[in-house]
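Just so you know, the protein sequences line up as chains Z and F, in that order.
Each residue of the first sequence is one higher than the one before, starting from 265 at the first, in our numbering.
Each residue of the second sequence is one higher than the one before, starting from -6 at the first, in our numbering.
Among these hints, one or two may not hold up.
Some chain Z residues flagged as far from chain F (calculated, every beta-carbon gap over 10 Å) [claimed, not checked]:
{"id": "1", "residue": "Ile283"}
{"id": "2", "residue": "Leu303"}
{"id": "3", "residue": "Ala318"}
Computed list of lysine-lysine pairs in DSS-like fashion (alpha-carbon distance at most 27 Å, straight line) [what the hints assert, rightly or not]:
{"id": "4", "chain 1": "F", "residue 1": "Lys143", "chain 2": "F", "residue 2": "Lys154"}
{"id": "5", "chain 1": "F", "residue 1": "Lys426", "chain 2": "F", "residue 2": "Lys351"}
{"id": "6", "chain 1": "F", "residue 1": "Lys360", "chain 2": "F", "residue 2": "Lys426"}
{"id": "7", "chain 1": "Z", "residue 1": "Lys442", "chain 2": "F", "residue 2": "Lys360"}
{"id": "8", "chain 1": "F", "residue 1": "Lys154", "chain 2": "Z", "residue 2": "Lys442"}
These are computed hints drawn from the structure, not numbers from a lab.
Since we're looking at a predicted model, the values are computed, not measured.
Heads up, the beta-carbon is just placed ideally off N, CA and C, and yes, glycines get one too.
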Amino acid sequence: MAEAIVFWTLAVLILGLGIAVISARSAVHSVLFLVVNFLLVAVLYVTLNAEFVAVIQVLVYAGGIVVLYLFVVMLVNLKKAPERYADPRRVPWTGTLLAGAVLAEVIAIGVYSTVSSDGAAATGGGLGADTPFSDCGSLVSCNTEQLGWVLYTSYLIPFELASMLLLVAMIGAIVLAKRHL
Amino acid sequence: MPAGFTAADFYYLLPELLLTGGALLVLVVDLLFPRREEATLGMTLLTLAVTGAAVVGFTGVDTTISAGLLAVDGFATFFKVIVIVSALLTVLMSPSYLRVEAVRAGEYYFLILCATLGMLFMASGIDLITLFIGLETMAISFYILAGYLKPNQRSNEASVKYFLLGAFSLGILLYGMSLFYGATGTTSLGGMAEALAGGERSLMLSLALVLLVAGMGFKIAAVPFHMWAPDVYEGAPTPVTAYLSVGSKAASFAMILRIFIEGLPSLVADWQLLFWVLAAVTMTVGNIAAITQSNIKRMLAYSSIAHAGYILIGVVAATERGVAAALVYLWVYVFMQLGAFAVVAMLRRQDVIGDELKDLSGLYLRKPFAAVAMLIFMLSLGGIPPTAGFMGKLWLFGAAIESGFVWLAVIFVVNSVISLYYYYRVIVFMWLKDETAGSDIVISPAMATALVIAVVGSLLFGVYPQVLFDHAQIAADMFGSAVSTAALR
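With the hints as extra help, turn the sequences into a complete structure.
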């Protein structure tokens, strides 16, 4: 019960802040809303017993990424919001129509599936069941250890591929940013 | 050796490891010989050739590696060959184009190889995490490649548009994936299929399915998620456009077939309906929009949207025959589409951008070989009998009829007829219009090689398609066995 209250409070706050991020007039306000949003997501991770991810969320997102955003806002100097995009070729109702059609489809499928089935079925399982840390003492260290274990064993290949991805991003940033190579 | 890994895991990863090593070596070679672009080109071609040889070496293997994250089976091998052949053709058509545009080649080839690496993982991934990281590696490489012509505004526009829309669509895709993870508690496709086997549906699953279809629909540029395609295709450097429309599309189809047919067989009724509508709308809108284009790259963009619609028929059929038909079509599509883009890339000269239909005027008088090659590609794209495109269409048609989707087959045929109009228009310009100004068209040896390979491919598989049919059938037969063994782990 207490868990549910915490979750729903957090969920409402996170979504509300998300809307605030995209609707704030000043870019700096947007970024500040985003910081709070990231911090609340970190709290959500804590309630899910993912302490390590929560700490990383605070360090990397709330700390590093947002500072970068502030740099960009400072450099671009967005005093006022950019003018509204007005493309003469643009037909706004096509987008509305498409969005409506997709929404109708989702609703139709939703109604259809709730009528034709008795209820949601969700089975558990997942990772962790067969990792060697199912019964370790300290929760926090256990969490980090488990994550490291999974990353460097079962998920080693995707993990290494992610490092290639980062290399591509780095080289790409240099290619695009440097005036003359 | 990390726990849970054996030497076999790394042995079966050989193609990916070779490609990664080769890509890094390309950077080193570029640094050591900054003024020798042939060295970089040679290294790139060598890497692709060696990787291709390693992939072909695993023909007939059917196993899962890396704790059930990757499959090395006929299906993966088939797609890996498609991807590597398209990368090879793309690289061959690049050097003369890059020289005219006066851009550095080193990082360009590195990024092409990295995009290829991502595609290899998309072809063999049987776990949402592997598939997603593969997709992301490919996508990031393409975002940069699309904007590689920095002084060119259209190239910048292409890059920014592709990046922003790509990021949104990736978010949508991830949301769908995370909902499936929430519903099943696993990211393995086999595990998902097992967990969902009860057949009970819920609102959460439907929502996840719609999000997944939308996210993948963006990657194959299916209507209504196609808005980015014409602008990006037009603005990106022509060889990159070619690779984007063939390699990226093939790898995304590999991912779609894996996820939906292997991972979500119990929801088949739902996604079949979604893809049915998507296929019908995609081919119709793509073909009708292509008719009015005066820019060849835009026309080919809409035509490639239409072709995505055709290939979706194989997904809708959701049978072994359907999978085989999609494989056959993607294979022949490599040659005809890359060939057409090679001709467009060839038209780029110092004083001519060469991507308007009128730039093709009188091509037959100036370069008969190029004109005849383009004729073959256009006939093949239109699906005229002696060419490979006809065989691809025939198989898709058969798959649709066999699975009882008669109306979809009818829409397919009507669309093929519509598409003939704009393919013939290209031929009319090449033969019947007067010659226009502009400096001489030069066909470099690399470009000539690419054109010859594409022409041979477009004709060979039309005249003698049996080899292709056999391989596609074997790949489709093996399809699914990897996941069921992974699920048993």
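| request: Find the hints from earlier in the document that the structure breaks and name them by number, from lowest to highest. | output: 7
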